[in-house]
Each structure stands twice: as C-alpha cells, then as structure tokens.
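Note that the protein sequences, when read in sequence, are chains A and B.
Per our numbering, residue -8 is the first one in the first sequence, and the count goes up by one each step.
Per our numbering, residue 18 is the first one in the second sequence, and the count goes up by one each step.
The hints are simulated quantities; they were obtained by calculation from the structure and are not laboratory data.
Small disclaimer: the values here were computed from a predicted structure and weren't measured.
Ideal Cβ positions, reconstructed from N, Cα and C, are used throughout, including at glycine.
One or more hints might be untrue.
Only some residues are given here: those of chain B computed to face chain A with a beta carbon under 10 Å [stated by the list, open to error]:
id: 1; residue: Ala31
id: 2; residue: Gly39
id: 3; residue: Ile118
id: 4; residue: Leu266
id: 5; residue: Arg268
Simulated coverage check for chain B against chain A, where a stretch passes if three residues somewhere in it have a Cβ under 8 Å from a Cβ of chain A [as the list claims (entries may be wrong)]:
id: 6; region: 101 to 115
id: 7; region: 249 to 255
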Amino acid sequence: MNSPVLVAKGLGKAFRYFRSNLSRFANWMGASIPPDKEFWAVRGIDFDLRAGEALALIGQNGAGKSTLLKLITGTLRATEGSVAVNGRISAILELGIGFNAEFTGRQNIYQAGGLMGFSQEELAALIPGIEEFSELGNFLDEPLRVYSSGMHARLAFSLATAIRPDILIVDEVLSVGDSYFQHKSFDRIRKFKEQGSAILFVSHSLGDVRTLCDRVLLLDKGKILKDGPADEVADYYNAMIAEKENAELIVEQSRDDSGWLHTRSGTFDVIADSVELLDAGSMEPVAVARVGQSLMLRLVARVNREIPQLILGYMLKDRTGHVIWGTNTWHTKQILTGVSDGQLIEFLTTFTCTLGPGSYSFSPALTSTDTHLVDNYEWQDNAVVFEVVNSDRSFFIGSAWIDASFEMRRISYDL
Amino acid sequence: MLSAIWRFRYFIMASVYGELKGRYARSRLGLLWSILNPLAQAAIYAIILSEVLGAKLGTSEIKGAYPIYLISGMAAWGLFSEILNRCLSVFVEYAGTLKKISFPRICLPIIVWGGALVNHLMLLGSMFVVFLFFGHYPTWSWLAIIPGIVLISMFAFGLGMMLGIFNVFSRDVGQIVAVVLQLWFWLTPVVYSVATAPAHVRWLLDFNPMTALVGIYQNALLYGLWPSLPALVFPACLGIAFFALSFVLFRRASAELVDVL
Chain A
-8 MNSPVLVAKG
2 LGKAFRYFRS
12 NLSRFANWMG
22 ASIPPDKEFW
32 AVRGIDFDLR
42 AGEALALIGQ
52 NGAGKSTLLK
62 LITGTLRATE
72 GSVAVNGRIS
82 AILELGIGFN
92 AEFTGRQNIY
102 QAGGLMGFSQ
112 EELAALIPGI
122 EEFSELGNFL
132 DEPLRVYSSG
142 MHARLAFSLA
152 TAIRPDILIV
162 DEVLSVGDSY
172 FQHKSFDRIR
182 KFKEQGSAIL
192 FVSHSLGDVR
202 TLCDRVLLLD
212 KGKILKDGPA
222 DEVADYYNAM
232 IAEKENAELI
242 VEQSRDDSGW
252 LHTRSGTFDV
262 IADSVELLDA
272 GSMEPVAVAR
282 VGQSLMLRLV
292 ARVNREIPQL
302 ILGYMLKDRT
312 GHVIWGTNTW
322 HTKQILTGVS
332 DGQLIEFLTT
342 FTCTLGPGSY
352 SFSPALTSTD
362 THLVDNYEWQ
372 DNAVVFEVVN
382 SDRSFFIGSA
392 WIDASFEMRR
402 ISYDL
Chain B
18 MLSAIWRFRY
28 FIMASVYGEL
38 KGRYARSRLG
48 LLWSILNPLA
58 QAAIYAIILS
68 EVLGAKLGTS
78 EIKGAYPIYL
88 ISGMAAWGLF
98 SEILNRCLSV
108 FVEYAGTLKK
118 ISFPRICLPI
128 IVWGGALVNH
138 LMLLGSMFVV
148 FLFFGHYPTW
158 SWLAIIPGIV
168 LISMFAFGLG
178 MMLGIFNVFS
188 RDVGQIVAVV
198 LQLWFWLTPV
208 VYSVATAPAH
218 VRWLLDFNPM
228 TALVGIYQNA
238 LLYGLWPSLP
248 ALVFPACLGI
258 AFFALSFVLF
268 RRASAELVDV
278 L
C-alpha cells in the first residue's frame, strides 16, 4: 500500500469571539484572556488520503466542509491537531482568485500563477498547455474584463491544473462553463487520478461524487459522521437529508453478495412487504431481463398507521449509481388518500425494458408527497437488482435501447 | 519571511504593476493622473494661499520659493498618507484572496508599498521638470530625498500595517484614521512654514515627527540644505520602532486575520 500524501490528526478549528477587541489585542501581547464565545467549525477530524485516491467531502451547509478545506490548503490555521501534507497541493476553492480584470489572460497567468508560487520561467513553459486546454484563442491577449464568465472559468481551471499536483482540491467549481468544458475538466481530473494524484472533492451533486470518487467522508456539525465507499455514504446521506424533517427515522444498511448496497430508511409507518420484478406476461420473477421484454414491478405495501395520503416512487439506477429514470404516483396524479392501519396495498407498474446490457436497480420510496423530505415512510435503495442482456436485438452500446432503424438510398449516380 | 517574499517576487512585481494599472485603467491619460493630481493640488494651494491669503515664506530670494516649498512638502506628505492609507485597507480589500489562496500574507502590504513608491518616483521626476520652469536647478543636496523616502516609508508602513491589522477586527479604525490624517496634515508645516507658525503651537510642530520628515524635502529641494541629523533622531527612531513593531504584531495576528475577514 502506498503511503498517505495527506494525514489529518485530531484536526479542529475554533472561531473565537471576544466581547471587546481589546481583549483580543491583549492576547497577542501575551495576555491570556479567555474568549467570550467559541465556535468549533470542525473538531476531531482524523483521516488520510493516499496517492491515486479520490475522496469526496459531503455534508449539509455549515457542516464544516469549507473550513476543513481551508485548513488543508493552509489559509486557515488549525486550533488543534495537525495536517501533514506530503507533496504539492493545488486547490481550486474558487475560480479566478488573484485575477486582475484589466490584465490580459496571458498577464493574468503570470500574476495569478505567481500567487500560486510558480516562477516566471515555470509559467512561461506552462503557457502553451494552458492556451491549448482553455481554448481561448485570441482572447488570451484581451483584457479579462471582456471575457464571459465561462471563458473566465476556463482560464482559471486551465491555470490551476496546468501542472499535475500531488493533491488536487476541488470545491464545487465544476458547475461553471458549458457542458463541453465540464466534461473536459472532469476528464482531466480523472486522468490526474490515474496518474497518481490524490483528489479531494467537495460537491453537492451526489451523481458527480459517485462517478469520480472511491471514498466519501460525510461531515455533520463539524465531525466525520461516516467514512466509507462512495455508494454507501452517498445513500446514507440521502437518507439523512430526510431525517431533518422526519424526527424518528431509522437507517439500515447492508451489502449483498454481488456488491449492491441496500439502504433502508424511514419512519416505517408504511413499509414495502415485498418488491419483485416479474415478466408482464407469465408473472414469473425475473433476475435477468432481455432488451425489449415486457416487465412488471409488483410492490405490496403494508400500512402500520393511518395516514392521509400515500405516494409510491421508483428510481432506476445503473451500476455507477446514476439515475436513469424516476417518477412517482404524485406526478402521474394517482394519489392514494385515506389509507388506514393494517391495509395491504398492491402497486403494479408495467414497462418495457428499453435498457442497454448491464446491471440495474430499482429503489422504491413510500412517501406522502412528491419528495421524501416531508414524510419518508420508507426508502429502499437498490431493493430490486437485475441484469439486462441483449439476446435478440442487433448489437448496440449504452444504457438505453432506442428503437432506431437505418434507411439508405443513393442520392447521386455515377454517369 | 524574507525567503517567502523572495519566492513571490514576481507576484509582487506583477501586482505592483496591477495596482498602478488598475487605478487608472481606461482613463486616457492613465498613469499621468497620478502626477497631475498632486501637482494640480499644489497649484491650487499655491494660488489660493499666496495670491488670496497673501502667505509668504519669510524672506527668501529664491524665485517661486513658495510653490517650490509647497510642492516639496506635499510630495513628502503624499508619500506618507498614500502608504498609510493603502496599508490600512489592504487586508480588507484582499479578503477574498486571503480566504481562498494560501500565500505569504506579508506580500500584500509590500505590494501597496511598492505601488506608492513607484508613484512617488514618477511624481518626483515631474516635480523636477516643474522646478526647471521656475529656473530652480538641482543641487547635490537633492540626494537627501533618498533617506527621506526611506524614513517616511518606514514610518508610514509601520504605522499603516499596525492600523491595518486593527482595522480588520474593528472597521472604526479606518474611519478614525481618515479624520486624524486631515488634522495631522494641518499640524504639519506643508502649506505654511515653521517660521510663520504662531509661537504657542511650535511645541506641537516639534513633537510631530512629520515636521522633520517633510522638512527633509523642503530643505533639500528649496534651500539646497542637507538635513540636520539631531532633528531626525526622534522621527527615525519612531519609524524604526513602528516598522519593527508592525512585524511583531503581524506575526501574532496573522493566524486570526483570516478568521474574521
């Protein structure tokens, strides 16, 4: 196992408030006056990061993500504990910091690059690469104030990633620029990772987290709540968001033999007794579905407490956790009302398997409205897992099967 | 700290250039404004004070003595107030950068110092041209300006950085300094001379370190005199003390600086 490039030990940061600034000034002069108020933004953080590992930091607003990043990059100084960094850090906490609007793109590379600690010679050598990656063309010699925000972001990202760092820290900045550039940036980050950079990534997009990261740290109220594989922590976090609204919520997690993680959470006022994937014709259970097969999902819900209304929703995810499709009976305007204690309700959902070959899962959610944030009765991640094979269609790639056909005719003739 | 400054020298130089360029960007005369402004101000004072109020510089044989006295004094005062004002607000202005990028923070006051120095040198150059119009030619004693620049900048930098650090924690400091500077200007013999000041305020002028510092400029440029060393002991000691103290304070406060920005 390679040695860690970053080790945080008992890391904590307290923001101190003094009733009078005089007490603060006196403390610099050697006095030891205790602060009137202390707020620990993060405390007791222990983790390490190894070369080639991509770690995501997730958590709600105010959980301490930004503070932790600033401690690692060194803009904030830790109150207790330590961060040991072995290698060069490149942090993109905000794109375009240190840029001067009156300078041209090229001058800004020297200015902001200097701020990052590069020498003039190093930057001169980096410019061709930055020029190529940012695709700014002639705009590189125009003042920055005429740039669009996307161009601004392209220049900043190209500069920040001009040299592969040992640790790359990215704080939700990839949502800028057009989707072409977003893809390009993601590819570059992925390539860095393959070449051995450790990535520390902060995002609110669980989809991005799942695709890029191997490991996720869930922060809550300044502490690490969970540290584990991406799908496990991301699903746990999803369940945790619901907890905010639903006071008594239970979260259970387990992993099956094939590696799919099952997370079950909710108040369990209504639970799914059974969820099955069936062939729509024979009503036989299906574990391996054919492309184009007519399928049916059958879910039997047991009601444990009288509730005003009940909604069933499904999410179809692929192996990487990306949502392929999802809807619920709120959107189809089939709201069940006046559901009483002890009732059993059967939900039948028929659909055609228009998926590409691969492994997929259905996650059902029983709720009272169109989101699980109001009443989460039961949410099961990956309750039904199935394979799709292509046995009788012509070969295709991708996760969707589209009933496409080619038509060909010659529209010019040789004389 | 010194090695960090050396490593970031290109950033500092580029930023000094950026400071100057940013201030006068997209104005047709650009950097010329940084010379025209103080000269115009000196001209206004010269006209109003000598023509309207009839201020005189005692008995001087030198042609255009009062405007030269005024321009020299205002240049010295301008250097002082510019460094002080910019150091005062630099940490607040660069709050975004300080919070997001890890770099030696000491670069910031050095950048504004550099910007003010470059500005000042350009002003000096244009002043000499103006003096030629008065038929006032340079002498060797004009070199006394060099230690003058060093002493004034050290004093202003030290004081400005200390106040700048306090200003981060309590923004009232900036407002108070603005008022105090106005008063301080009039308590310094820039538009009048020590000789014409009433006797009962002399002690105040003697106590004011800027009197001697501004005096270096006035004596050298107008009378061709080298500064008298005994008069400079107090301001020089004060300048060195402030300068050193500001670094001590900066080291102590540095950790908490970003916390409250």
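Ascending list of hint numbers which this structure does not respect: Of the numbered hints given earlier, the structure breaks just one, which is hint 7.
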